[in-house]
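In case you want the letters, here they are:
2 protein chains.
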Amino acid sequence: MQSPAHGRRLDAVTGPFTPRTPRVVAARRLHRRRDRDTAGRFLAEGPQAVREALDRTDTVVELFGTPTALDRHADLAARAARADLPVSEITDEALAALTETVAPQGLVAVCRHLDVPLRTALARGPRLVAVLAGIRDPGNAGTVLRTADAAGAGVVVFAGDTVDPYNGKCVRASAGSLFHVDVVRAADPGAAVAGLRAAGLTILATTGYGDSDLDDLVDHGRLAAPTAWLFGAEAHGLPEELTAVADARVRVPLHGRAESLNLAAAAAVCLYASARALR
Amino acid sequence: MQSPAHGRRLDAVTGPFTPRTPRVVAARRLHRRRDRDTAGRFLAEGPQAVREALDRTDTVVELFGTPTALDRHADLAARAARADLPVSEITDEALAALTETVAPQGLVAVCRHLDVPLRTALARGPRLVAVLAGIRDPGNAGTVLRTADAAGAGVVVFAGDTVDPYNGKCVRASAGSLFHVDVVRAADPGAAVAGLRAAGLTILATTGYGDSDLDDLVDHGRLAAPTAWLFGAEAHGLPEELTAVADARVRVPLHGRAESLNLAAAAAVCLYASARALR
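So the sequence lines, in the order shown, correspond to chains A and B. To convert, take the position in the first sequence, counting from 1, and add 607; that gives this note's numbering. To convert, take the position in the second sequence, counting from 1, and add 607; that gives this note's numbering.
Heads up, a few of these hints could be off.
Pairs count within a copy or across copies, as identical chains cannot be separated in the list.
Said to hold, decoys possible - Calculated pairs, SDA-like style, for lysine to any residue (alpha carbon to alpha carbon, straight line, at most 20 Å):
{"#": "1", "residue 1": "Lys776", "residue 2": "Gly807"}
{"#": "2", "residue 1": "Lys776", "residue 2": "Gly746"}
{"#": "3", "residue 1": "Lys776", "residue 2": "Gly797"}
{"#": "4", "residue 1": "Lys776", "residue 2": "Pro654"}
{"#": "5", "residue 1": "Lys776", "residue 2": "Glu848"}
{"#": "6", "residue 1": "Lys776", "residue 2": "Glu841"}
{"#": "7", "residue 1": "Lys776", "residue 2": "Arg829"}
{"#": "8", "residue 1": "Lys776", "residue 2": "Arg643"}
{"#": "9", "residue 1": "Lys776", "residue 2": "Ser867"}
{"#": "10", "residue 1": "Lys776", "residue 2": "Glu866"}
Simulated from the structure, these hints should not be mistaken for lab results.
Only chain A is shown next, with the shape it has when bound in the complex (with noise of 0.2 Å):
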C-alpha cells in the first residue's frame, strides 16, 4: 500500500512496523558482523548517511523511518520511492531496535556492503591510499577514513583483523565518508600491499620509531609521488612484516614532551602533508 503523498508504504493491517515485524527483525541482525557478511548489507542511520546511500547507485536496499521523521525527510523518503525502494514507517520502538546512538535521528536505511577489489580500486589510479592494519576500534578507523576522504585519499583499504567498515560506529564516525572513497577489504595485508606497490604507489609505514623523519620526507620531496600510508592500531602499532617491507618507516616528529599522538592525529598529519606534497 503506497501513500503518494510521502512516497511511504504502510502495512494496511498492523500499521507502523514494530521490533517484532519480521523486515525490522532481519535488518537488526545486521548489527552483528557475521550476520552483515552472510547477508553482504549493513545499516546506515541518520538523515546524513541515508542521503550520502541514496547519492550512490544501487547501494541502499530499503528505508525505515519513523512517522515524524520521513515527514521531516520527505525529500529523502521521495527520492528512495523514486527508485523503487521499500519506505516503511517504524515506531519509536522499532527505531531504537535499529539504532545505536542515544539520540537516534529517525531514518535507517539498509545499505548493500559497497567494498570493491583492489585491482578495481587500483584501476582508478589513485595517487593517495590509506590502509589500515590491525586497527580494532570503529571509531578511530571511521575517523582515519574520513580524514583519508578529506586529505583526498581515493581509496581505503581495511586489512587484516581490522575492524568490519560496515560496524555501525565505523559507519556514523566516517561521517559518510564510507560512502565517497573505493573501500577495500583485504584479508592478507601484505599481498595488498604487494599489489599497491605493483601498481607504483610508494608504501611508507607510519611508527613511532620510524627513522625517517615525517619533515625531513616533505623536505626531500619525497611525498610528491602516489603514496600509500599503513597505519597501525594505537596501542601496539603496525606488525612487523608490514613495516619490513615498506619503503620507509616513518614517525610524527615530536617537539615537545609528549610520547606519542593518538592515530587519529598521526593519520591527520600524514595525509595532509602528502595532499599538500601532491598538489
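Take the given structure of chain A and dock chain B to it, following the hints.
Below, chain B alone, put in the same frame as chain A:
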C-alpha cells in the same frame, strides 16, 4: 603506620582502605567538577599519569593503590614516600570507586590543580598556543591537549565553557600532556584572546567557512610568527565574537568529498603546520 619495604602506609586496624574509608570517600568526590573546583584537586589514574604527576613538584597530594599495583610499581610508591606523601593501600572495590575506566591499573593519585594564570604562561614566551573555546567533549579536549603538546605548544588555554581540564576523561585522553604544558583556565575567551594578542601572538581561528586556506598561509610564510590557534566545538564551531577578532579565519582544505574534518584531525593539521613553519 609505615611499611619501609614499600614505603606505604596501612591502617593497622582495618587493613586496606575500602570505599567507605573517609579518605577514599573524600577523593571519590573529585569525580564531580564542583568538588574539584572547591578542593582545587583532581584524580589521575594509572601508572603513566601517576609518574608524570610525580615528575612535577608540588602536584601529587597522596597516592592510593591496590597491594598488587603498589608492588608492581614499587618505584612510584617509593618516590611518593620519599616526597613524604601518604601512600595507602586500597581494596579493589575502593579502586573501582576512585576510577572511571573498565580496567583500571591499580593506582590513583590525588593531585593539586596545576593551571597557571595566562600572564604567567605568557611570561615564558610561548611561540605556539592552543585555545580551546567551547569544547564540551572531554575526550576531544584531552586529545587536542595531547596533540598541542606533541606539536610543541607550550600553552593550552581552556576558555569559556570548555570542559574542565581536570575532568577524568580529559586527563586520560591527554595521555600525560596535562602535566607537560602550561594549562590556563580563562573564563572570558575574549579577554584571553586580547591577552594573547598583546603578547605578540598572531590569532588564527579555525573554521570550516574560513576565508584563508591553510596551504596559502603556509605558502606565504604566515605561520612563521608566534601563533595562537583557536579551536571550537565540532558541532557548531567557534563563537562569532572570537572569529571576528582573529587575524585570520582559517579553513583546512578539503581535497576529497568529506564535508569536514573532526576536531582532533583539524587541530593536528593546523598545529603541525605551525610546528613545521616554526622549526
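**Asked** Which of the stated hints cannot be reconciled with the structure, identified by number in ascending sequence?
**Response** 1, 3, 5, 7
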